[in-house]
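Visitor: Now for the letters of each chain:
Number of protein chains: 2
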Amino acid sequence: MAVYTEVSDAELAAFLEHYDLGRARALKGVAEGVENSNFILRTEAGVYILTLYEKRVDAACLPFFLGLMNHLSARGLDCPQPVPMRSGGALGELNGRPAAIVTFLEGVCRDRPDARDCAELGRALARLHLAAADFKGVRENTLGPSAWPQLFAPVAARADDLSPGLQTTIARELAYLAANWPEGLPRGVIHADLFPDNVLFLGAEISGLIDFYFACVDYLAYDLAVCLNAWCFSPEGRFDAAKATAFFDAYRALRPLSAAEARALPVLARGAALRFALTRLVDWLNVPPGALVTPKNPLEYVGKLEFLQQACGPADLGLALEPGA
Amino acid sequence: MAVYTEVSDAELAAFLEHYDLGRARALKGVAEGVENSNFILRTEAGVYILTLYEKRVDAACLPFFLGLMNHLSARGLDCPQPVPMRSGGALGELNGRPAAIVTFLEGVCRDRPDARDCAELGRALARLHLAAADFKGVRENTLGPSAWPQLFAPVAARADDLSPGLQTTIARELAYLAANWPEGLPRGVIHADLFPDNVLFLGAEISGLIDFYFACVDYLAYDLAVCLNAWCFSPEGRFDAAKATAFFDAYRALRPLSAAEARALPVLARGAALRFALTRLVDWLNVPPGALVTPKNPLEYVGKLEFLQQACGPADLGLALEPGA
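So the sequence lines, in the order shown, correspond to chains Z and W. For the first sequence, the numbering used here assigns the number 1 to the initial residue and increments by one for each residue that follows. For the second sequence, the numbering used here assigns the number 1001 to the initial residue and increments by one for each residue that follows.
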């Protein structure tokens, strides 16, 4: 729920003079996104999203994010397309913040995706990876394995306040992942946060992928691991092998997985579970008392991690090794 | 900044089956309104606002609010028009809350209205009062003079925390208003909260009036007093007689003011200033520590009140008595 920076009519009119979008016909702050201020902007030319980038987003990365969305749109992927200013650039300034206008995508998030939705997701993720293959931008994964110990250190002593034994669970998992993280898997641009609230559906089909502000270059299979955890468990936290198999099969019909990627899936999934458990734990322990935002419960991802720790191999996670692998 | 109740895709689809609006094409929570959960809803039929009424709104009053918007729309006033369900009613239920869909109005709020905007406001307010004249619904002003002492009592002892002497200032003003509140002025439906953020402009013209959830039956001239305070002061709190005169002249060109209404304006304006000072004071003193919502500063309205206390008559507020009155 976020509009950190208000935009007046006069400020908006001045900003729109940098674009060929005509005059503003409506502006409504959007109650989603925790990093930035987002508005639905209607102009004489159409409907858009106006984003003011707040301090939690590293401004140096904005050209990567906007360039990526532009690249993907140009290759036919349904994602927000940055609208160029008359100067040619996509990144302006509004109220002292970096700001951009992107196209508005129709569609509604799935609250409870089923196996067919997971197959749609697999196809969309493979298309994203393939369309980004020739994107030249580079951004390291700032929430990847090397960041996890640093995320944990400041909150470690308070982890047991949330759940007794949690500090030990996380410390052991960090050690396991440091010793077992795979090397040499295929790398490329990943979304890194493709949760159901970042995927829009119209009817049975995906109409758009949004929120590329965690995108980075990392193992492509790590993106599958993030999606596996976010899409293939029931609301009660039970793993759903049918959803996972639908997801993986649809993905590799477009981009085949190597045997090494498939074998690495369990450890990648453990890492992805720990990553979201850690960032949620940090948010949980840092929420001001009385705040109107309810942070997401870290224990959801601790529960998923505990399930993943029991998996003996990719088949336990719905991913059969390919024939001959 | 308000979405208190989330709406899933499945819940929305089920709700839309009560309407002839086709299927949902987009749903975005809106970061405005502090009383209810509001969403921009796009369906196959067009763009709408979906509102879930939260507990701060008295559900018994919803038929008055929705009936009023329907009445005004039917008379050509640009305001949200409730969309009827197939059953014929306008009030449904979603996620256990009363809920309604109204038409979306284009337009952008004026952050710093000028005198020409104030004239537009005067015409729009007169049209509202005239269009509502034959509306049969009744709702008393629950934030009128009889409510003010009850609003003040629980926070009186803490008023001086905000500004030394404030408790005495308010107590004296309550006594003055109780002794001097006018009687027998023309009554009718008033908006009661027609601040700049509830008035949409397209270019130089008003395209819509929104947020009728304080509307009630009271002195029509009290609505002018609310607008005078909200529109005819500079951002620094200085009264702007040119804006006020533009506002009043435009209003009474469509609905003439009686001499009694004009004479009552200073005391009505003092009452309107106190009403917003009081509700803001209550919100200010009750905001939880660390909350992300910044309540509006009550002292803005205390300052306006102090200015109004010095006014010797309506002419000091930009309202000349009509010739012969």
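Bear in mind the hints are in silico, worked out from the structure with no lab data behind them. Glycine included, every Cβ here is placed at the ideal spot set by N, Cα and C. Please note: incorrect hints may appear among the correct ones.
[Stated by the list, open to error] Computed list of lysine-lysine pairs in DSSO-like fashion (alpha-carbon distance at most 27 Å, straight line):
id	chain 1	residue 1	chain 2	residue 2
1	Z	LYS296	W	LYS1136
2	W	LYS1136	W	LYS1055
3	W	LYS1296	Z	LYS55
4	W	LYS1136	W	LYS1296
5	Z	LYS296	Z	LYS55
6	Z	LYS136	Z	LYS55
[As the list claims (entries may be wrong)] According to the in silico footprint, chain W covers these stretches of chain Z (three or more CB under 8 Å from chain W):
id	region
7	109–121
8	180–189
Visitor: Can you confirm whether chain W covers the region 109–121 of chain Z, using C-beta to C-beta distances below 8 Å and requiring at least three such residues?
Guide: Our answer is that it holds, as 4 residues pass the Cβ test (under 8 Å) against chain W, meeting three.
Visitor: Does the alpha-carbon distance linking Z:LYS136 and Z:LYS55 stay inside the 27 Å limit?
Guide: Between Z:LYS136 and Z:LYS55 the Cα gap is close to 26 Å, so the pair holds against 27 Å.
Visitor: Given the proposed pairing of Z:LYS296 with Z:LYS55, does the C-alpha separation stay at or below 27 Å?
Guide: This hinted pair holds, its Cα atoms lying about 21 Å apart.
Visitor: Within a Cα-Cα threshold of 27 Å, do Z:LYS296 and W:LYS1136 meet the stated pairing?
Guide: 47 Å, violated
Visitor: Measure nothing beyond the straight line between the CA atoms of W:LYS1136 and W:LYS1296; if it is 27 Å or shorter, mark the hint as holding.
Guide: Distance ~34 Å between W:LYS1136 and W:LYS1296 Cα, so the pair is violated.
Visitor: Please verify whether W:LYS1136 and W:LYS1055 have alpha carbons no more than 27 Å apart.
Guide: 26 Å, holds
Visitor: Below or equal to 27 Å on CA atoms is what counts here, so check W:LYS1296 against Z:LYS55.
Guide: 24 Å, holds
Visitor: The region 180–189 of chain Z covered by chain W? Criterion: 3 or more residues, Cβ-Cβ distance below 8 Å.
Guide: Answer violated; 0 residues pass the 8 Å Cβ test.
Consistency with the previously given hints fails for numbers 1, 4, 8, ordered from lowest to highest.
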